[in-house]
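Hey, can you work out the whole structure from these sequences and the hints?
Protein chains in written order, with our numbering: chain A, 2 to 227; chain B, 2 to 227.
Just so you know, the hints here were simulated from the structure itself, not pulled from any lab data.
Bear in mind that the values here come from a model prediction, so they are computed numbers and not experimental data.
Cβ atoms here follow ideal geometry from the backbone N, Cα and C, with glycine treated the same way.
Possibly wrong hints are sitting among the right ones.
Stretch by stretch, here's where chain B covers chain A in the computed footprint (C-beta under 8 Å, at least three residues) [unchecked claim]: (1) 14-22; (2) 65-79; (3) 92-99.
With beta-carbon atoms standing in for the labels, derived distance ranges [said to hold, decoys possible]: (4) Pro-20/A with Ala-161/B: 20 to 26 Å; (5) Glu-218/B with Gly-75/A: 54 to 60 Å; (6) Ala-177/A with Leu-160/B: 24 to 30 Å.
Chain residues, written in single-letter form:
2 protein chains.
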Amino acid sequence: MEYAMSATASYEPTERTVPTRSRDRASYDRATVHAILDEGYVCHLGFVRDGAPVVLPTLYGRVGDTLYLHGSTGSRPLRMAGGAEEPGLPVCVTVTHVDGLVLARSAFHHSMNYRSVVVHGTARQVTDETERRTALDALVDHVVPGRSADSRPADAKELAATAVIKLDLAEVSAKARTGGPNDDAADLELPYWAGVVPVRRTYGGVVPSADLAPGIEPPAYLGALR
Amino acid sequence: MEYAMSATASYEPTERTVPTRSRDRASYDRATVHAILDEGYVCHLGFVRDGAPVVLPTLYGRVGDTLYLHGSTGSRPLRMAGGAEEPGLPVCVTVTHVDGLVLARSAFHHSMNYRSVVVHGTARQVTDETERRTALDALVDHVVPGRSADSRPADAKELAATAVIKLDLAEVSAKARTGGPNDDAADLELPYWAGVVPVRRTYGGVVPSADLAPGIEPPAYLGALR
Numbered sequence: 002m003e004y005a006m007s008a009t010a011s012y013e014p015t016e017r018t019v020p021t022r023s024r025d026r027a028s029y030d031r032a033t034v035h036a037i038l039d040e041g042y043v044c045h046l047g048f049v050r051d052g053a054p055v056v057l058p059t060l061y062g063r064v065g066d067t068l069y070l071h072g073s074t075g076s077r078p079l080r081m082a083g084g085a086e087e088p089g090l091p092v093c094v095t096v097t098h099v100d101g102l103v104l105a106r107s108a109f110h111h112s113m114n115y116r117s118v119v120v121h122g123t124a125r126q127v128t129d130e131t132e133r134r135t136a137l138d139a140l141v142d143h144v145v146p147g148r149s150a151d152s153r154p155a156d157a158k159e160l161a162a163t164a165v166i167k168l169d170l171a172e173v174s175a176k177a178r179t180g181g182p183n184d185d186a187a188d189l190e191l192p193y194w195a196g197v198v199p200v201r202r203t204y205g206g207v208v209p210s211a212d213l214a215p216g217i218e219p220p221a222y223l224g225a226l227r
Numbered sequence: 002m003e004y005a006m007s008a009t010a011s012y013e014p015t016e017r018t019v020p021t022r023s024r025d026r027a028s029y030d031r032a033t034v035h036a037i038l039d040e041g042y043v044c045h046l047g048f049v050r051d052g053a054p055v056v057l058p059t060l061y062g063r064v065g066d067t068l069y070l071h072g073s074t075g076s077r078p079l080r081m082a083g084g085a086e087e088p089g090l091p092v093c094v095t096v097t098h099v100d101g102l103v104l105a106r107s108a109f110h111h112s113m114n115y116r117s118v119v120v121h122g123t124a125r126q127v128t129d130e131t132e133r134r135t136a137l138d139a140l141v142d143h144v145v146p147g148r149s150a151d152s153r154p155a156d157a158k159e160l161a162a163t164a165v166i167k168l169d170l171a172e173v174s175a176k177a178r179t180g181g182p183n184d185d186a187a188d189l190e191l192p193y194w195a196g197v198v199p200v201r202r203t204y205g206g207v208v209p210s211a212d213l214a215p216g217i218e219p220p221a222y223l224g225a226l227r
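Structure follows, in structure tokens:
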């Protein structure tokens, strides 16, 4: 009897996903990686242009083990990713959540609690229309879950103006720091406060568009944003 | 009569700091750039390794028109930046603040309110001891203003274990989006809510270290974090 191959529980570490230091903070666990990615919507996309690095903030969405990014068909990295048959654009995509400021007695042991994911790979244009629609829905729903079904879908002209690129989640790692400061034993009696200041992303009260038609209330799914 | 040269009000745009699109969102105003940098403390550092891009989150501090980054002497980008006399490491440093989710009637016009700064340049090791101490204080104070004076300064061994690199703010631009959704006129009567959900970074109640000596209260400057 044969079973469908299911995704393995972990990504395979590679030479460039094993950090040179703090290896105990690295993880290749698929669920951990997905959870970090799904909590965010802005990534930092790195690529090489004329031999020099470029890092740009951009939105992303995830579907299974594929990361989707989009932009104008005129934007630089999306043009550089080429067509579906071309070699694609080597990229590094990084997503970071800051969870706390770690204050130690010593300046040296000050740190940050965070969770981050780094993805290495080759970004390629998505040309299939169905996949492009799926990707764009995923991008909208990554920011506000449920929103893509509650807005006007892209028409043919808008679709033509939008470039979508994709990146396989294959060479990927997560890194995290948690907990309090790691002061040296000799410093514990120093008269400086030590501990953690939690950092969170929060949402303020919604601001309706000035030209919103009367009687349209904020949708319930906005209440689920935390 | 001669006056000391003061910093100009704006950075000079270059071919790579002028965006291919949304040029009206770009700014080279020095005060704008500094304000965005000073509101953050985590940047995304991009560099090229074996021809491929790498993007890592890391802390930074600013002193005038110099950005300082630090790390273990064993960390990859800091080793690659070489010594003071060496050519240095081409980098791109990007800082991004998300200010709001922009929900339009059309999926296409969904957007993000944000402010970001992108710095291109060559990172070099800081070897002068006085400048290294200034840089490390700036890094700590960037996260929690006032903290460097209220902790134990680095000793010789800690200083030796810390690499500091610097990057001139010269080829730099800011980009920002503000305001509500830009829906097409034909979409204004659609029955979808439209507006902005503000996003903020907030701080939770402080968590004292489990081994904190009794009687040490959280310092007043923590109250200034917003």
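_Let me make sure I understand: some of the numbered hints might not hold for this structure. Which ones are they, in numerical order?_
none
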